[in-house]
Amino acid sequence: MAVSTLQRPPAMAHRTLDDDRLVVLAQAGDRSAFDQLAERHSIRLRRVLFRITRDCDAAYDAVQEALMRAWRNIGRFEGRSQFSTWLTRIGINEAYRVLPRASEQPLELSDQVGERIPSWGARPDEIFESREFLQAVDRALGQLPLDYRTAVTLRDVEGLSTAEAAEVIGIGERALKSRVHRGRMVLRATLDDYFQEGYA
Amino acid sequence: MTPSLRPIKRHRQRCREVRADMSDYLDGELDPSAAAAVERHARWCPNCRRMLSNLSRTLGGLRALRDQPTPADSPSSET
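Just so you know, the protein sequences line up as chains B and H, in that order.
Its first residue numbered -12, the first sequence is counted upward by one per residue in our numbering.
Its first residue numbered 38, the second sequence is counted upward by one per residue in our numbering.
Chain B extracted, bound-state conformation:
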């Protein structure tokens, strides 16, 4: 397990500063400013990486490696994207490095895809509020091939723009849109049985 970069609480004075200011301080060598950035973004990053790796340890390790790599390279961050976008890109690169180990693990989803959702409602908003529905969507997302899962996670779950998601993954916007569309269509098809049952 990587050594945590979050051993020290960030200075109180840094809590009110925005990311841009914290980056400037961190680039000047202020470790506490970087710790504040890490505290602010690590939970979200861990969620993203978990949704991609489907492995808690892999996600946690990738976050820690990403934070250490970000601290070492903070001087190279040019501010052309948000700090969170830059950090996410580093995190995804780290996750991909450890992913072969994670991908060998069986997916929980495979045996449960066909399960009916007991509380399937008659109205769309009821469906979206259904925990079972969200679990089904999450499981279906976990079954997508890695590249599509990553694209859909960034674009739809995390709400990044096409340009941001493309930058994080390191592909062109057109390729990103293609992956997202194909991923969405596969998810829609996976969930189609549920929809038909609920709306027949």
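Source of the hints: derived by calculation from the structure; they are not laboratory data.
Each residue gets a CB set at the ideal place from its N, CA and C atoms; glycine is no exception.
Here are the simulated lysine to aspartate or glutamate pairs, EDC-like style, with alpha carbons at most 20 Å apart:
(1) Lys164/B / Asp68/H
(2) Lys164/B / Asp58/H
(3) Lys164/B / Asp134/B
(4) Lys46/H / Asp58/H
(5) Lys164/B / Glu66/H
(6) Lys164/B / Asp61/H
(7) Lys164/B / Glu54/H
(8) Lys164/B / Asp64/H
From chain H, some residues computed to sit far from chain B (all C-beta separations above 12 Å):
(9) Arg43
(10) Pro44
(11) Ile45
(12) Lys46
(13) Gln50
(14) Arg51
(15) Asp68
(16) Pro69
(17) Ser70
(18) Ala72
(19) Ala74
(20) Arg77
(21) His78
(22) Ala79
(23) Arg80
(24) Cys82
Place chain H on chain B using the hints.
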């Protein structure tokens, strides 16, 4: 003049074109005329209408996942 496609073949081709545009439509990234064409087709094509509706619901579910906790959120994963 290019011979016109048979109605069924033309319809299937139009379905393929509309389905390729569905993500852009739901993201609001189609120009108004293309968006109107998707809506016009979906109004009378039940299969595409259902697909568009279900794709929209799928997107709603994906967006709702953002606020959902994951197993990686639990304190035990930080040990």
